[in-house]
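Chains as they are written, first to last, in numbering that gives the first Met the number 0: chain A, 0 to 638; chain B, 0 to 254.
Because the hints were derived from the structure by calculation, they are not lab data. There are no misleading hints in this set.
Each pair of labels, with its calculated beta carbon distance range:
#1 A:R31 x B:N94: 52 to 60 Å
#2 A:E391 x B:S96: 23 to 31 Å
#3 B:S235 x A:D463: 53 to 61 Å
Negatives, chain B to chain A, calculated, CB over 12 Å:
#4 L8
#5 K21
#6 Y25
#7 G76
#8 D97
#9 D211
#10 D217
#11 E225
#12 S233
#13 A238
#14 E239
#15 V245
All residues carry an ideal CB built from backbone N, CA and C; glycine is no exception.
Chain by chain, the residues:
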Amino acid sequence: MKLDSKVPSGPLEDKWSKHLKDIKLVAPNNKRNHDIIVVGTGLAGGSAAASLAELGYNVKSFCIQDSARRAHSIAAQGGINAAKNYPNDGDTIWRLFYDTIKGGDYRSRESNTYRLAQISNEIIDQAVAQGVPFAREYGGLLANRSFGGAQVSRTFYARGQTGQQLLLGAYQAMMRQVHEGNIEMHTRHEMLDLVVAGGKARGIVTRDLVSGEIRRWMADAVVLASGGYGNAFYLSTNAKNSNVTAAWRCHKRGAGFANPCYVQIHPTCIPVSGDYQSKLTLMSESLRNDGRVWVPEKKGDDRHPNDIPEEDRYYYLEEKYPAFGNLVPRDVASRNAKIVCDEGMGVGPTGRAVYLDFADAIERDGRKTISEKYGNLFEMYENITGDNPYEEPMRIFPAVHYTMGGLWVDYNLMSNIPGLFVAGEANFSDHGANRLGASALMQGLSDGYFIIPYTIGNYIADADIDEIDTGHEAFDEAAENAQQHIDKLLSVKGDKSVIDFHRELGQIMWDKVGISRSEEGLKQAIREIRALRKEFWENVRVPGEASNFNKYLEFAGRVADFLELGELMAEDALHRDESAGCHLRKEHQTEEGEALRNDEEYAYVAAWEFKGVNGELQEKLHKENLEFEFVELKQRSYK
Amino acid sequence: MADTFTIHLKIWRQDGPDKPGKLVDYTLDNVNEHMSFLEMLDVLNEQIVAEGREEPVEFDYDCREGICGSCNLMINGRAHGPKAMTCTCQLHMRNYSDGDTIVIEPFRAKGFPVIKDLIVDRSAFDRIIEAGGYVSVKTGSAPDANSIPVDKSVADTAFDYATCIGCGACVAACPNSSASLFTGAKLAHLNRLPQGEPERKRRTVAMVEQMDKEGFGDCSNYAECEAVCPKGISISAIAEMRRNYVKAALAGDEV
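So that you can see chain A by itself, here it is in the shape it has in the complex (with noise of 0.2 Å):
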């Protein structure tokens, strides 16, 4: 496996308009020659399917959901950066590149970073445009708000619905190129494999999720975007249909995979209740604009939140990071939290919380524009505690949300293998060891929207794509690939659920690949997940058959897929013998307890090869190193 990443030459504000004019271009009547398949209708998937169509290639589109209109983008609440400085308080596209790229602790590529920072703009008017109705001020133009981890105001939204409102701009924007006849629209269709023909990626295999068939599609691209991996700690705040299924099958035919144990943990969800619980509920970051995050001073203080006064109560982020307050970074505001439950001084019935509180905001603000910046989420806080947040704090606590790694990829937005390209959350571009806020939406839409499109013409217009059809001995090979992994599945004929396989894999993720981690605990989480493994393909019970809608066959499937990803993930935290962003090490830690990064030995991208599973997983570890031109790399900071 060969790690090139070919970035452009030349100062950092110019490689993209560079790159840009030295394209090769598909002329408009070849165009619709070339069939593109795009796995995924979420941000990154659906705004590349309609702006490939819409420059006359043949599209076809797949999602596993029942319209295209339900990616799990659709889900993001609090915003999309972007560096226009509306609110002229000195933003530039400088320091959202600066900030995106120091707060994921200098673990990304700085020209890929840069270029979304210079995208950004272009993003906000092309959603407007579309009639994406963001918040707007009185005079009638664009408002913005803060967000983790700046210190300026640049954050587009739309109410707590911006991912939605996005997606469905992106997902109308689609059914247009539909309705013109360029793409072909599959839904309910699953992604089992990638067909890699001369050496290049040529198609995907499905299975139609209603009538169980296993198709298969040819193209002369793939361009990934299946979203992230972080369910594999079972609770998330991913939507429960969320898998990395796509991406660890495109791995397993040769996909170097990037950087899998940066995994965001986010600081605001709604806390566990119980054995039944089946996901985890975000309250959107935005909320730490106006909530002040708290704990009581004295451990097993049971008095009700409102009964305990100021001086009883320790607002743990204020006092260690006067800068950012409560703004700071996700991954310092998750630790934090940990910590102080650690310490004791958690709270709720399960003592794995802590308090997030508007009493402040509303008595400066009034609870009339409170409740217009986060109505729909105090009221989804309401229905799911039957707490009300404007009478007392909410409960939140840290839940996995998002994951930084994913398929390795050049500056084109290309794997290593010829032809796929991987967009959106399932790539490991742009936000290093840790996201910021209001970060994925812009990712996601700069690939679709504004990198894919250009990048794809350059390899089509280059590429010797031979003349094959589905009958293609690969073709064969990987639909009766998928077609055994499905009929093993269902003839295990075993005791033990599915959901009790994916909960016990969560459980140790979380305990040993979560939020802090030491060698010891990944070790042993290596070993409990080869063994989990193990006993899933002697015991798990797949009720059902396989010609059918059957959700406990989809899931198996993806549950199989974790049990092999999670070993690499706790691999990767292994290997990385240091803290960075969102991967914390107990043995790396600065006084104060943050990450505590070696540069010397690890600034570099890690993109392990698969080598086969045979109890054990086989992955061999390639490095890109990260070179810093133009910024200096510092300890973090938020105080």
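We have chain A; now place chain B onto it with these hints.
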């Protein structure tokens, strides 16, 4: 830990689109108030799988936070159950008491054929959007986002209509199985914004006609749709849709 209680369920089971269906009885003894409605069904399915006599109940779900629009259950005859402005996935068992019987059926409509058990085919909604539910703007051709100011109240109202999650409760609740609230909401979102104005007439006619083609009925102002809409979308959208449609289609305007 909260006390557990018992719930009786009558659930619609149907093997496939052309197969007969029926209500089947189940009892769950270990329900607690903090469970969501769908978590209660997860627990039921685990019980069914453990017993091994029949296949688990199929139902659609994804985000489980009330925004993706996947979940769609008719609960005791009411789309998304008893709580106003609440999706099935956001409904919690604290709304029920020990010994209650709950009837669970799919969202029924000619435009939503059953696929299996509680799962229906809502692709008609995609085709209505396909007909015109967008602003025809190519990637990369947009002017600066602040070049066209939009009155805050107009933007806020557009947002209120744009919050539709496409779940189909409006259709399921309507005695005519009309998709007017769904269609009207998208029209009311796009038609009132300056960005959507140029295509207003064409969009309105195309989407209304597609809605008819899909076999959804007409609106007779029952307002059941508004009552069950988990996002609280106002039926004013329907009046607005009709006004625009009449103006565009019947007044002989070019569309």
